[in-house]
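Colleague: Respectively, the protein sequence lines represent chains F and E. Residues 1 to 783 (full-length UniProt numbering) make up the first sequence, in order. Residues 1 to 99 (full-length UniProt numbering) make up the second sequence, in order.
It should be emphasised that the hints constitute simulated quantities derived from the structure, not laboratory data. Possibly wrong hints are sitting among the right ones.
What the hints assert, rightly or not - For lysine to aspartate or glutamate, the following DMTMM-like pairs were computed, each having C-alpha atoms within a straight-line distance of at most 25 Å:
| # | chain 1 | residue 1 | chain 2 | residue 2 |
| --- | --- | --- | --- | --- |
| 1 | E | Lys37 | F | Asp63 |
| 2 | E | Lys59 | F | Glu96 |
| 3 | E | Lys16 | E | Asp2 |
| 4 | F | Lys81 | E | Asp38 |
| 5 | F | Lys62 | E | Asp8 |
| 6 | F | Lys56 | E | Glu95 |
| 7 | E | Lys25 | F | Glu94 |
| 8 | F | Lys722 | F | Asp526 |
| 9 | E | Lys4 | E | Glu51 |
| 10 | E | Lys70 | F | Glu94 |
| 11 | E | Lys90 | E | Asp38 |
| 12 | E | Lys16 | F | Glu64 |
| 13 | F | Lys147 | F | Asp224 |
| 14 | E | Lys90 | E | Glu5 |
| 15 | E | Lys90 | F | Asp43 |
| 16 | F | Lys50 | E | Asp8 |
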Amino acid sequence: MADPLRVNILTTFNGDTSHFEASDRSYQAALQQPRLPQRRIVDITEEFTKACSALKVGQLVKDEHFTLFESVSALEIMDPKMDSGFLQPGETLEDEYDTLAPLLPEEVLGIMDQLLCYEMAWHTGYTLSQTLFTSVYIDKLLWPEPKTLEQVQFYRGSVPGSRRPGPLLEVLRAYCLGLVKCCDFVIAKITARHYFEEEDFATHTYHRTLFPQIPLDVFLRELDAAVEQLDDPGLTITDSLRGAITGRLLFRKAFLLALDLDCPLPHSSSTWPPVLSLLPSISTTHQLSVPVPGAFSNKIQRRLASTVPPRPVVELAFSDAFTHLKQLCHDCEEATRVLTIPKDPIEFENFLWASASRFPAPLCYARSYFSTLLTDESTVVSTPSLPMQDLQLLVFPPHSPLIDPVNWAIDRPRDNSLPEPPRLQIAMLLDGFLERASASILDYWTALGQNACRLRRLLTHMILGFNELQMDAAVVDEDLARVAQEVQAMEGHPGAVMMPRPLETWTYFKKLSLVEKCILLGFAQDVYLPEEFGGMYTFLSLVTTRKAALLDTIYAHFSDVEAQYRRTGRPPAWAEDVAVHRDWYIDTLRHYTKGIQHLSAALGVFYTTMMYLGLVTGGSIGPFGDHARRYELRMRPFLALDPVEVPAWEDFKAHVLPWGEYSSPDRGFGDVLKGGAVWGGLELDLRQAREAFARVKKAGAEGMRAVGSRGVWEGEVQGLMKSCVGLGVAVVGVRGAVEGVDVDGDGGWRGRLGVRIEVPGIRDGGKVERYLEGWVVPRVVKN
Amino acid sequence: MDNKEACDYLSSLIGKNLRIHVSDKRVFGGQLKCTDKDRNIILSLAHEYREPSAEVLRKAVEESGNPTVKVSWTSRYVGLIVVPGAHVRKIELEETTYG
Numbered sequence: 001m002a003d004p005l006r007v008n009i010l011t012t013f014n015g016d017t018s019h020f021e022a023s024d025r026s027y028q029a030a031l032q033q034p035r036l037p038q039r040r041i042v043d044i045t046e047e048f049t050k051a052c053s054a055l056k057v058g059q060l061v062k063d064e065h066f067t068l069f070e071s072v073s074a075l076e077i078m079d080p081k082m083d084s085g086f087l088q089p090g091e092t093l094e095d096e097y098d099t100l101a102p103l104l105p106e107e108v109l110g111i112m113d114q115l116l117c118y119e120m121a122w123h124t125g126y127t128l129s130q131t132l133f134t135s136v137y138i139d140k141l142l143w144p145e146p147k148t149l150e151q152v153q154f155y156r157g158s159v160p161g162s163r164r165p166g167p168l169l170e171v172l173r174a175y176c177l178g179l180v181k182c183c184d185f186v187i188a189k190i191t192a193r194h195y196f197e198e199e200d201f202a203t204h205t206y207h208r209t210l211f212p213q214i215p216l217d218v219f220l221r222e223l224d225a226a227v228e229q230l231d232d233p234g235l236t237i238t239d240s241l242r243g244a245i246t247g248r249l250l251f252r253k254a255f256l257l258a259l260d261l262d263c264p265l266p267h268s269s270s271t272w273p274p275v276l277s278l279l280p281s282i283s284t285t286h287q288l289s290v291p292v293p294g295a296f297s298n299k300i301q302r303r304l305a306s307t308v309p310p311r312p313v314v315e316l317a318f319s320d321a322f323t324h325l326k327q328l329c330h331d332c333e334e335a336t337r338v339l340t341i342p343k344d345p346i347e348f349e350n351f352l353w354a355s356a357s358r359f360p361a362p363l364c365y366a367r368s369y370f371s372t373l374l375t376d377e378s379t380v381v382s383t384p385s386l387p388m389q390d391l392q393l394l395v396f397p398p399h400s401p402l403i404d405p406v407n408w409a410i411d412r413p414r415d416n417s418l419p420e421p422p423r424l425q426i427a428m429l430l431d432g433f434l435e436r437a438s439a440s441i442l443d444y445w446t447a448l449g450q451n452a453c454r455l456r457r458l459l460t461h462m463i464l465g466f467n468e469l470q471m472d473a474a475v476v477d478e479d480l481a482r483v484a485q486e487v488q489a490m491e492g493h494p495g496a497v498m499m500p501r502p503l504e505t506w507t508y509f510k511k512l513s514l515v516e517k518c519i520l521l522g523f524a525q526d527v528y529l530p531e532e533f534g535g536m537y538t539f540l541s542l543v544t545t546r547k548a549a550l551l552d553t554i555y556a557h558f559s560d561v562e563a564q565y566r567r568t569g570r571p572p573a574w575a576e577d578v579a580v581h582r583d584w585y586i587d588t589l590r591h592y593t594k595g596i597q598h599l600s601a602a603l604g605v606f607y608t609t610m611m612y613l614g615l616v617t618g619g620s621i622g623p624f625g626d627h628a629r630r631y632e633l634r635m636r637p638f639l640a641l642d643p644v645e646v647p648a649w650e651d652f653k654a655h656v657l658p659w660g661e662y663s664s665p666d667r668g669f670g671d672v673l674k675g676g677a678v679w680g681g682l683e684l685d686l687r688q689a690r691e692a693f694a695r696v697k698k699a700g701a702e703g704m705r706a707v708g709s710r711g712v713w714e715g716e717v718q719g720l721m722k723s724c725v726g727l728g729v730a731v732v733g734v735r736g737a738v739e740g741v742d743v744d745g746d747g748g749w750r751g752r753l754g755v756r757i758e759v760p761g762i763r764d765g766g767k768v769e770r771y772l773e774g775w776v777v778p779r780v781v782k783n
Numbered sequence: 001m002d003n004k005e006a007c008d009y010l011s012s013l014i015g016k017n018l019r020i021h022v023s024d025k026r027v028f029g030g031q032l033k034c035t036d037k038d039r040n041i042i043l044s045l046a047h048e049y050r051e052p053s054a055e056v057l058r059k060a061v062e063e064s065g066n067p068t069v070k071v072s073w074t075s076r077y078v079g080l081i082v083v084p085g086a087h088v089r090k091i092e093l094e095e096t097t098y099g
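Isolated chain F (complex conformation) (with noise of 0.2 Å):
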């Protein structure tokens, strides 16, 4: 054999030569004259060296539009912690894995639970370099890239007859392709959506092509193929590991239909049970696999396209891993339920909030599964009527004329010069501003598909984009007054009387509602420091007291056009549906607006007191800040609203700071603590949070209009009331406490307490600490 150091050969630059191409002119020129360029390649080390050494130091040539700043980005070569190409003395470039020995059934089944945990990985934020394309196998199949699925092979070109991959060789490619498939569908799903989720998820292929053309039943062939095989008599294979793989197999076809992009809307939600069937016996028959780490390898980096920094491979446990897939076939099962609710607006949010407070947080790719759905032509939200529907719900009273459907139905008179009836006008006026409002409403809905963090900075947008919107239905409504009036003079009909400023009215509530999420998401999310616990509870107190205020002006107004209907001998079901949409949602809403009005104002007066008390202490303010600088900065995405939601910090000091400093109260706080008025105050606070929940509770989800998400909703309340109980418990706690103390003179009194606060954190790792994510509710504990 000869020595292949010794024998010519030729080599040569593989074709890629994107990088040499010539200037666009001279390209042009080449095309006109039919002659090749020709390539000439010149050694300059001698003279380009030579130029460097009589540069200055410090001095540089370069392309004038070429910026330092740039040049920071630039990988250094020969260095292993950038070059990802660089290899330590004696280093192979390759793993020698041999892709086409025979492998034992349980270690097929080993590389197929290790692509599953690599695969997982993924979803969950890493980039395929570290986590799937690490695969010896999976990079056999895709490079060099194939033009036909027949060359997609663990091999390429021809092998001889002996070194043909066996069946069970067989089994893992279809495996293999399937799993590339997936992630196919998966990225393409993922970058279809309009906003950007690359902070949650990576996209990026290196320059492999993952068979984006190739048709889903071909893959669904090869899997069944693989099943038939692996059910061959003559393969040598126990039944538990022949089960154990073919359930992969099934599972892998299944997730496929699951993934289809083209799965129609209406199966959606029947392609998850079967892939959920499949889950249990994976992880049951893990146990059986042999690991093959030979099968996977860091140093397939050094070949993908990459103009990054090596990074390290990324080894999720295969538990977790099942946690994960498991939980992403939950959330996606979960999301096509959105197809199935009742086709109204509010029962549509709080189906979105209830998605949006899952726990753990849904994957990337389930979130972008979820709002594909809704997005999606044929469903909910693309349904016009929808914010008409919102609007009705709130401050039309049913059977009212001004929202009689037969107002669209009616022409435009022929005569220009005529004014258009008063009814169409009202149409007119209305479809205007449900057409902006629409606009807003879907925003809103679309951050309610995004991950909590991203969707409690978008809320702060929303609340401005309601607030313009507010300004715009002002202006609307004075239209509306008029013509309704008009109505009203013609037909005399009682329900053409408008409540004052209906889209404002409607405007405001939405906004106030955004509010109290945004500052409630702020705890989930352990924004806020415990000093400032009191002060956001007291701001959210104030915000929730507006809201509760509009709807009483909404309760009244229902109530009013109930008796009119009545008296004016209107047919006695109209005053009965007004009466039952009064008491069912505008009442039940009113009381689970004014429930977490008290229960925020008992959180904000005992979170002050225990400051003052010591028992909650914060972090110092630091040297530059203040109370005022950090009540702005806090207030800050709530400064620009109109009407002014955010009170002056000099009448805010009233509320949060009602005793001086609070390290050195003044007398009144012993006054105040003495007489028991804080503690009186609170309780009755309490008491009244407490009734409105269990209104709220006797209503239930019909109620609320959450039937849709009847289970979050059933443990939010619940969690309302245990949050009353919970801390109503607290406060007999410390008022215990107090009374033995005499809280006069110098503070050396708080050492004598004996007790101390805990304040719940926030869902680490499952565990549950706190009734609901948006209530801090302390415990009291003696020492």
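Chain E: place on chain F using the hints.
Modeller: Same frame as chain F, now just chain E:
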């Protein structure tokens, strides 16, 4: 070569396609963006080329039975890189002419 000549010469190479051979036998091809006294070289839109290993060559010859078989260099895109002067072994200029 005085400083001005050196600057003129090097400036004339800016934006040209260079092939830099480095100490571990890899070759980097890309557009010259910047250089300095220490011969550090920044290339943009660079590709990395690596000679096939002796093992790969041996296999290729074995499998084809042809001692002058063509074996491709492996290449990949690496983008913006800086090659430290100490590792530069050879610098080649690619000239494309027509005719």
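Colleague: Against this structure, judge whether each hint is valid.
Modeller: Comparing the hints with the structure gives:
Only pairs whose Cα atoms come within 25 Å are accepted, and Lys37 (chain E) paired with Asp63 (chain F) is accepted, the gap being roughly 16 Å. Between the alpha carbons of Lys59 (chain E) and Glu96 (chain F) the distance comes to roughly 13 Å, so the proposed pair stays at or under 25 Å and holds. For a cut-off of 25 Å, the pair hint linking Lys16 (chain E) to Asp2 (chain E) stands: about 22 Å separates their Cα positions. Note on Lys81 (chain F) and Asp38 (chain E): the hinted pairing holds, with a Cα-Cα distance of about 21 Å set against a maximum of 25 Å.
Of the supplied pair hints, the one linking Lys62 (chain F) and Asp8 (chain E) holds, its CA atoms being roughly 11 Å apart against a limit of 25 Å. With a CA separation close to 28 Å, the supplied pair Lys56 (chain F) and Glu95 (chain E) exceeds the 25 Å bound. A threshold of 25 Å between alpha carbons decides the hint, and for Lys25 (chain E) with Glu94 (chain F) the separation of about 16 Å falls inside it, so the pair holds. Between Lys722 (chain F) and Asp526 (chain F) the CA atoms are separated by roughly 20 Å; this keeps the pair inside 25 Å, and the hint holds.
Distance restraint check for Lys4 (chain E) and Glu51 (chain E): the Cα-Cα separation of roughly 38 Å exceeds the 25 Å cut-off, and the hinted pair is therefore not satisfied. At roughly 20 Å between alpha-carbon atoms, Lys70 (chain E) and Glu94 (chain F) fall within 25 Å of each other, so this suggested pair holds. Annotation: proposed proximity of Lys90 (chain E) to Asp38 (chain E) holds, straight-line Cα distance about 14 Å (limit 25 Å). Distance check on the hinted pair: Lys16 (chain E) and Glu64 (chain F) sit about 14 Å apart at the alpha-carbon level, within 25 Å; holds.
Only pairs whose Cα atoms come within 25 Å are accepted, and Lys147 (chain F) paired with Asp224 (chain F) is accepted, the gap being roughly 23 Å. Taking the CA atoms of Lys90 (chain E) and Glu5 (chain E), the gap is near 21 Å; set against the 25 Å cutoff, the hint holds. For a cut-off of 25 Å, the pair hint linking Lys90 (chain E) to Asp43 (chain F) stands: about 7 Å separates their Cα positions. About 13 Å separates the Cα atoms of Lys50 (chain F) and Asp8 (chain E), which keeps this hinted pair within 25 Å; it holds.
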